[in-house]
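S.K.: In case you want the letters, here they are:
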Amino acid sequence: MGKKKTIVCRCEDLTLEDVENAIDTGYTDLEELRKKLRIGMGPCQGRVCFQLVQKILEKKTGKKVPIKSLPKVRPPIIPVSLGTLASDEK
Amino acid sequence: MIKKADVVIVGGGVNGCGLAYNLSKRGVDVAVFEKNYLSSGATGSCGAGIRQQWSTHENAELAMKSVKIFEKLSNELGDDIELRQGGYLIAVHDKEELLQLEKNVEMQKSLGIPVKIISTKEIIEVVPILDIKGMNAIAATFCPTDGHANPFKTTFAYANAARKYGANIFTHTTVTDIKTKNKKVSEVITDKGIIKTDFVVNAAGISSEEICDMVGIKIPTKPVRKEIMATERLQPLFKAMVISFKDGIYFSQQHEGQIVGGIPIPEQKYGYKTAPTVSFLQHMSKTLTRYAPVLKHINMLRHWTGFYDVTPDARPILGETKDLKGFIHCHGFSGHGFMISPMVSKILCEYIVEGKTSDILESLSLTRFKDKKIEHEMAVVG
Ligand SMILES: Cc1cc2nc3c(=O)[nH]c(=O)nc-3n(C[C@H](O)[C@H](O)[C@H](O)COP(=O)(O)OP(=O)(O)OC[C@H]3O[C@@H](n4cnc5c(N)ncnc54)[C@H](O)[C@@H]3O)c2cc1C
Ligand code: FES
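Chains as they are written, first to last, in this note's numbering: chain A, 1 to 90; chain B, 1 to 382.
Hints were generated in silico from the structure; no laboratory data involved. Just to be clear, a hint being listed does not mean it is correct.
[Claimed, not checked] Quick list of in silico lysine to aspartate or glutamate cross-link-like pairs, EDC-like style, CA-CA up to 20 Å:
1) K164(B) <-> D24(A)
2) K286(B) <-> D88(A)
3) K35(B) <-> D29(A)
4) K35(B) <-> E31(A)
5) K239(B) <-> E122(B)
6) K325(B) <-> D6(B)
7) K68(B) <-> D80(B)
8) K72(A) <-> E232(B)
9) K64(A) <-> E20(A)
10) K184(B) <-> D323(B)
11) K35(B) <-> E209(B)
12) K59(A) <-> E20(A)
13) K192(B) <-> D29(A)
14) K296(B) <-> D88(A)
15) K60(A) <-> E17(A)
Input sequences plus hints: build the corresponding full structure.
M.R.: Structure, rendered in structure tokens:
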């Protein structure tokens, strides 16, 4: 499958080509890639894509990317509606 | 690792990278040290709103001149910073507030800022999802050239352009000490090596206090935790940033469609705790759905913490002091350091390269806290 068609981040619609191009331009830090491309900023918060990006980054740079450098998942973990959050019911 | 540089900048946020760009463009040999990755500090967690509607003349002028620079920045840097000028709408809740804001508007207009007071009917024309009753507004001020840019892309664009002019930018490199000789800076010690230099710029955000400690300078800045959230992406609904000084809320719809906003945390505390709180979530969602009830069906996706480096008068600390030559302050931005960064870089660059000073630079000197005659910026939000 072509790099243009291989989706790495489903939520933000980013392809293998997008990720590799960004790495080639010098974004060789997972957090920088995230902020440049919005990888991991979708509803799943990177559960689907971060490990893939980690592997792609390792392959391209030849350097180990430690698991602990994976960006954190931020609360509320799963999407919650503003109406639910605003309600006082427990 | 390099052995020397004309100027060493501590911190790779929007201010550090912006200054590195301005200096290297003028032929200055610059090194930037960033302990994590570029934009890992406040810059990476910020709302990146750009507002010219301030209560002090100085902030209004800094922001207005910065907007002029932002407008040309994507072209100049050769990278899109995603500037969007959808305006800032500031809700007015009562007569007393109206009086204060009328004064601000008059001052802002005298500078040439295209701001005006609008009616409740016009509020709905600008942001159709607002509920006038819910937000409790009697009017608003609106400036259409205010807006927003992408904070990461702005920082990366500055850094990339600076590198093209020969700046050396080191990420994952921590400044651990600064050596001085005869009241002048002489060396910067990092965990990767030692660099000789005549100038050190302290653009270390909330860590600026630590950097000042290295040279025995005390600053009155405190870290204040802030929380901020983002919803799922939506169709374009409105272009303006909506804020209220009374409720402390700010929110806007970003380039990609998500709504991003914040509000002061009910139990506000100083400190470095990063875990986000449930009370923020409740307070934010209650206030946001009061302002825009249609948003109650929208999902909130993420919520994170960032820090303001707050000074006693909510104005930044810039420039050199007599106590130590070559040590340049660039911190204390108190929650609005993104929007004025173009002018901050310009002013500090002119000072370092030409020795040029200005009324603004002098009024923002660290020495003002000794004189005790400080003018507080009132128009602070978030
Ligand atoms: C939630 C939130 C919302 C905000 N909203 C807005 C807004 O709408 N508009 C606006 O204008 N501003 C806003 N701000 C404020 C704005 O983000 C900051 O004022 C601005 O980004 C400061 O940039 P900086 O470059 O000075 O500092 P920072 O971005 O904090 O950069 C400092 C850098 O220094 C590095 N560093 C620290 N110590 C060392 C060391 N010893 N060695 C090497 N590196 C070091 C850090 O890692 C960091 O990357 C907001 C802030 C927050 C937290
Ligand atoms: S797949 Fe990348 S954020 Fe969900």
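S.K.: Give a verdict on every hint.
M.R.: Against the structure, the hints come out as follows:
1. K164(B) <-> D24(A): 16 Å, holds
2. K286(B) <-> D88(A): 10 Å, holds
3. K35(B) <-> D29(A): Holds. K35(B) to D29(A) sits at ~13 Å (cutoff 20 Å).
4. K35(B) <-> E31(A): 13 Å, holds
5. K239(B) <-> E122(B): Given pair K239(B), E122(B) holds - Cα atoms ~14 Å apart, limit 20 Å.
6. K325(B) <-> D6(B): 14 Å, holds
7. K68(B) <-> D80(B): 16 Å, holds
8. K72(A) <-> E232(B): At roughly 18 Å apart (the allowed maximum being 20 Å), E232(B) and K72(A) satisfy the hint.
9. K64(A) <-> E20(A): 16 Å, holds
10. K184(B) <-> D323(B): 9 Å, holds
11. K35(B) <-> E209(B): Holds: K35(B) and E209(B) sit about 15 Å apart, inside 20 Å.
12. K59(A) <-> E20(A): Distance ~10 Å between K59(A) and E20(A) Cα, so the pair holds.
13. K192(B) <-> D29(A): 18 Å, holds
14. K296(B) <-> D88(A): 14 Å, holds
15. K60(A) <-> E17(A): At roughly 12 Å apart (the allowed maximum being 20 Å), E17(A) and K60(A) satisfy the hint.
Every hint from the earlier list agrees with this structure, and none is contradicted.
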